[in-house]
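Knowing the structure of chain S, use the given hints to seat chains A, W and F with the ligands on it.
4 protein chains.
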Amino acid sequence: CKYEYVRNFEVADKCLPNCWIVVRLDGKNFHRFSDDHKFVKPNDDRALVLMQRCAESVMNEFKDVVIAYGQSDEFSFVLKKTTTQFSRRASKLMSNMVSLFSSSYVYHWKEFFGDIPLLYPPAFDGRVVLYPSDQNMRDYLSWRQADCHINNLYNTCFWSLVQDGGCSPKQAEEQLRGTFSSDKNELLFSHLRSTTTVYQRCTGKALF
Amino acid sequence: CKYEYVRNFEVADKCLPNCWIVVRLDGKNFHRFSDDHKFVKPNDDRALVLMQRCAESVMNEFKDVVIAYGQSDEFSFVLKKTTTQFSRRASKLMSNMVSLFSSSYVYHWKEFFGDIPLLYPPAFDGRVVLYPSDQNMRDYLSWRQADCHINNLYNTCFWSLVQDGGCSPKQAEEQLRGTFSSDKNELLFSHLRSTTTVYQRCTGKALF
Amino acid sequence: CKYEYVRNFEVADKCLPNCWIVVRLDGKNFHRFSDDHKFVKPNDDRALVLMQRCAESVMNEFKDVVIAYGQSDEFSFVLKKTTTQFSRRASKLMSNMVSLFSSSYVYHWKEFFGDIPLLYPPAFDGRVVLYPSDQNMRDYLSWRQADCHINNLYNTCFWSLVQDGGCSPKQAEEQLRGTFSSDKNELLFSHLRSTTTVYQRCTGKALF
Amino acid sequence: CKYEYVRNFEVADKCLPNCWIVVRLDGKNFHRFSDDHKFVKPNDDRALVLMQRCAESVMNEFKDVVIAYGQSDEFSFVLKKTTTQFSRRASKLMSNMVSLFSSSYVYHWKEFFGDIPLLYPPAFDGRVVLYPSDQNMRDYLSWRQADCHINNLYNTCFWSLVQDGGCSPKQAEEQLRGTFSSDKNELLFSHLRSTTTVYQRCTGKALF
Ligand SMILES: Nc1nc2c(ncn2[C@H]2C[C@H](O)[C@@H](COP(=O)(O)OP(=O)(O)OP(=O)(O)O)O2)c(=O)[nH]1
Ligand SMILES: Nc1nc2c(ncn2[C@H]2C[C@H](O)[C@@H](COP(=O)(O)OP(=O)(O)OP(=O)(O)O)O2)c(=O)[nH]1
Ligand SMILES: Nc1nc2c(ncn2[C@H]2C[C@H](O)[C@@H](COP(=O)(O)OP(=O)(O)OP(=O)(O)O)O2)c(=O)[nH]1
Ligand SMILES: Nc1nc2c(ncn2[C@H]2C[C@H](O)[C@@H](COP(=O)(O)OP(=O)(O)OP(=O)(O)O)O2)c(=O)[nH]1
Ligand SMILES: O=P(O)(O)OP(=O)(O)OP(=O)(O)O
Ligand SMILES: O=P(O)(O)OP(=O)(O)OP(=O)(O)O
Ligand SMILES: O=P(O)(O)OP(=O)(O)OP(=O)(O)O
Ligand SMILES: O=P(O)(O)OP(=O)(O)OP(=O)(O)O
Ligand SMILES: [Mg+2]
Ligand SMILES: [Mg+2]
Ligand SMILES: [Mg+2]
Ligand SMILES: [Mg+2]
Ligand SMILES: [Mg+2]
Ligand SMILES: [Mg+2]
Ligand SMILES: [Mg+2]
Ligand SMILES: [Mg+2]
Ligand SMILES: [Mg+2]
Ligand SMILES: [Mg+2]
Ligand SMILES: [Mg+2]
Ligand SMILES: [Mg+2]
Chain S
1 CKYEYVRNFE VADKCLPNCW IVVRLDGKNF HRFSDDHKFV KPNDDRALVL
51 MQRCAESVMN EFKDVVIAYG QSDEFSFVLK KTTTQFSRRA SKLMSNMVSL
101 FSSSYVYHWK EFFGDIPLLY PPAFDGRVVL YPSDQNMRDY LSWRQADCHI
151 NNLYNTCFWS LVQDGGCSPK QAEEQLRGTF SSDKNELLFS HLRSTTTVYQ
201 RCTGKALF
Chain A
1 CKYEYVRNFE VADKCLPNCW IVVRLDGKNF HRFSDDHKFV KPNDDRALVL
51 MQRCAESVMN EFKDVVIAYG QSDEFSFVLK KTTTQFSRRA SKLMSNMVSL
101 FSSSYVYHWK EFFGDIPLLY PPAFDGRVVL YPSDQNMRDY LSWRQADCHI
151 NNLYNTCFWS LVQDGGCSPK QAEEQLRGTF SSDKNELLFS HLRSTTTVYQ
201 RCTGKALF
Chain W
1 CKYEYVRNFE VADKCLPNCW IVVRLDGKNF HRFSDDHKFV KPNDDRALVL
51 MQRCAESVMN EFKDVVIAYG QSDEFSFVLK KTTTQFSRRA SKLMSNMVSL
101 FSSSYVYHWK EFFGDIPLLY PPAFDGRVVL YPSDQNMRDY LSWRQADCHI
151 NNLYNTCFWS LVQDGGCSPK QAEEQLRGTF SSDKNELLFS HLRSTTTVYQ
201 RCTGKALF
Chain F
1 CKYEYVRNFE VADKCLPNCW IVVRLDGKNF HRFSDDHKFV KPNDDRALVL
51 MQRCAESVMN EFKDVVIAYG QSDEFSFVLK KTTTQFSRRA SKLMSNMVSL
101 FSSSYVYHWK EFFGDIPLLY PPAFDGRVVL YPSDQNMRDY LSWRQADCHI
151 NNLYNTCFWS LVQDGGCSPK QAEEQLRGTF SSDKNELLFS HLRSTTTVYQ
201 RCTGKALF
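Residue numbers (this note's numbering), protein chains in the order written: chain S, 1 to 208; chain A, 1 to 208; chain W, 1 to 208; chain F, 1 to 208.
This is chain S alone, in the form it adopts within the complex (with noise of 0.2 Å):
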């Protein structure tokens, strides 16, 4: 056919070998979905279950996936080094999981919202990034972790002081300004409630 021509503008992405490969999502614009559908603050059981739910069935089709990890709106999964899995097609991998990750969003949505309804589709982004050490692979990890842990810290200092201190979400965040971690956990600890309660919301599921 003489239009196959167009078929030599695709170019090749296939991954360095020998490296970790993660994919990793995110929801597009979770600040408004999360808001539209009441999710609970700063933590959603529900939309965190959903979002393991969707994870599993991403790793039951992909089964290089070693280890997934997920907090808030995201998603990490990482394919071990020696994956051949679409012959390391980066394009591949990442669209494949993105998508189904999506559409096992809205096809277990009501497991877990029961009669909340679903208000629109939602949608995920997606990256590839490559991960030559052990370290590197670890360091990413507790990277994701560490973004959990501030952001969750802040959230549930933040909540604290708005539905159990009495603050205005303007006082409390005038109050949390510039404050260290240190300050954070002394506040949760000595004010509110241990620390000992900071919702674990960081999930994370190894299949070495």
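Check each hint, because a few of them may be wrong.
The list treats identical chains as interchangeable, and a pair is accepted whether it falls inside one copy or across any two copies.
To be verified - Here are the simulated EDC-like pairs of lysine to aspartate or glutamate, each with C-alpha atoms no more than 20 Å apart in a straight line:
#1 LYS92 x GLU56
#2 LYS28 x ASP44
#3 LYS28 x ASP13
#4 LYS14 x GLU4
#5 LYS81 x ASP139
#6 LYS81 x ASP147
Hint data in this document are derived by calculation from the structure and do not stem from the laboratory.
As the structure is a prediction and not an experimental result, all values here were calculated from the model.
For chains A, W and F with the ligands alone, coordinates are given in the frame of chain S:
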């Protein structure tokens, strides 16, 4: 945060300026998916219109899509050359589109398939292809249409032979093996039905 | 051979079809190189013509180069859109060009600089840039020419002030700081020499 | 300047962090170049040492090169994993190295070839390859050495048969066709000269 260095492993993937950006999606293993959901052969109207509905969702989000063209289990979205959405980052554009398309597929399933249950969440792959000239862009669309037409012609003949011609699938396949388009047009015309009734499954939507 | 697997770590780098391929070379640290070899300021004829000689060597090897444009310590080679040399592999094209240019520079030095010894082998960097449209291609050349003109104008004024106007380099720099092209054209015209004698250092060679 | 937008068509090409960066250079058409300059067969000492001299120039400029390994018309430079030279931009690293190597080849020719004239400037191609692990890196070097050894063995046998064994090139080729390393080692040992005198052309220079 001492782990943040891992962000530097992300790579820039901006699309070359002044090129048409095509994002093509294609159903993962829709051979099986269409069987499992007993799609009408060769072309299932409901499936077709559902695909169009999903494309509409994508086009509502991505205002820079100027043409969307779909057939079978695939859809191509053409972004205008000058788009700056997501700073032209290929992964961002592609992942958001494939994600929204996929979640929409599940979200709108019931509107088109009614009581026929969706047995599992489907997945689509995605890719980005750049076309420098308008001629290349037109040829791309012609390529997908030719592909559509060739498939349609074959499928229509095949199912005509099976459904109206009393052939077994094996016999139909044997009869069509090695035939040219002209043979198949002839076959459709003389023995079975006029080519004028060949199902027009190819659908396009232009927004120039 | 059991080590041959390492070849798979090489990555494909074919240039997008139907684009102009530009390879631009630029002298490494020619600020120092031109000082060390006492190049005439602002424009040394011998250096200029040597650069042109090297470009000629490159063009004799690369028959698909349709324009070469040089100024100062740089040269741009434009390959026609349809070139298939080295299967359009970017690294192959660029490395062969920069290599031949560099070896030619040393090879032909004596023809232009006579007894002035070449103190050490020079180096040039190289890069590949793609331009989808003819307008982009023209604008690229205009860009390099504008750059050339701006530099020439500044340099010519600067050295005129120093050599003919009795300024110290510091005074000349101060006098020119913040001036516009029009000021500099005026300065050249009224005080020193007519702009018509502004050195035409920009050189191009078209082979359309 | 209204043309400056064309700079945005340049693409980022930073090497993945925490990988060994290998730049391999290889002589363009050295089959002919070595004939034209009557290189001794199979291994010409002068050519070999000139290559080493060029590698030295490169290593003096690029302090992050930790190993350089050369054989025949090629040289590989290994940059340490942590190098930040040129911000790890692949084109910059590779082009500067291949350029300096090439200009050095001409610059130092006379020191090794004396009165034998250099008939034309030679060219080398260049490429960048990344290796994530130390094992991959070692295997790369083993690969180039194995290649060296296989070529040397063949060449040494071939030229022994021709020069000492009274064969025509055609006869020598026929006699060696399909032989294994062991056959060739045997041949060298029993009939011509001891394998201990097989020319050690592979050269390496480690700077760990
Ligand atoms: N209330 C509530 N909000 C949540 C929960 N999980 C995530 N979110 C919200 C909080 C954040 O506004 C948002 C996640 O932050 P992102 O940085 O991903 O921003 P967002 O998704 O809005 O924008 P993006 O499209 O990713 O750039 O999702 C939850 O469990 N409860
Ligand atoms: N019965 C029926 N089947 C359809 C219809 N539209 C698409 N299909 C099926 C026919 C093909 O087997 C399949 C599309 O072909 P593909 O080349 O995309 O293969 P498939 O999706 O199975 O594999 P892939 O994962 O894309 O490599 O979908 C339809 O309307 N009716
Ligand atoms: N005197 C004199 N100098 C020249 C001539 N042509 C070029 N140059 C010098 C002036 C500039 O300092 C330098 C070219 O500027 P670049 O921006 O390329 O800087 P340079 O090569 O020093 O650094 P780079 O390694 O390219 O980043 O070469 C000439 O004909 N005469
Ligand atoms: N006589 C002789 N020839 C040599 C010596 N070193 C290299 N050569 C020649 C033998 C080979 O024909 C050639 C290197 O093989 P290559 O595979 O690199 O091929 P060539 O450079 O001809 O083509 P290319 O442009 O790299 O694809 O150089 C030497 O010391 N003596
Ligand atoms: O948390 P991230 O990585 O999504 O950070 P971002 O600031 O949203 O950046 P990006 O535009 O890469 O999604
Ligand atoms: O029709 P396509 O482009 O999907 O063709 P394919 O043979 O499925 O190839 P690919 O592995 O690129 O999806
Ligand atoms: O004139 P250029 O393009 O070389 O500009 P530069 O500021 O030297 O930038 P680069 O680091 O890309 O050579
Ligand atoms: O020995 P190499 O790696 O140069 O092998 P080649 O067969 O010359 O291949 P290439 O076209 O990559 O130089
Ligand atoms: Mg983000
Ligand atoms: Mg988000
Ligand atoms: Mg997020
Ligand atoms: Mg496919
Ligand atoms: Mg499909
Ligand atoms: Mg398909
Ligand atoms: Mg520069
Ligand atoms: Mg320079
Ligand atoms: Mg310059
Ligand atoms: Mg080669
Ligand atoms: Mg060679
Ligand atoms: Mg070689």
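Structure-based check of each hint:
1. LYS92 x GLU56: within (19 Å within a copy, 23 Å between copies)
2. LYS28 x ASP44: Intra 17 Å, inter 32 Å, cutoff 20 Å: intra-copy only.
3. LYS28 x ASP13: Cα proximity of LYS28 and ASP13: across copies only (19 Å, versus 25 Å in one copy).
4. LYS14 x GLU4: between (22 Å within a copy, 18 Å between copies)
5. LYS81 x ASP139: both (16 Å within a copy, 17 Å between copies)
6. LYS81 x ASP147: Intra 25 Å, inter 27 Å, cutoff 20 Å: neither.
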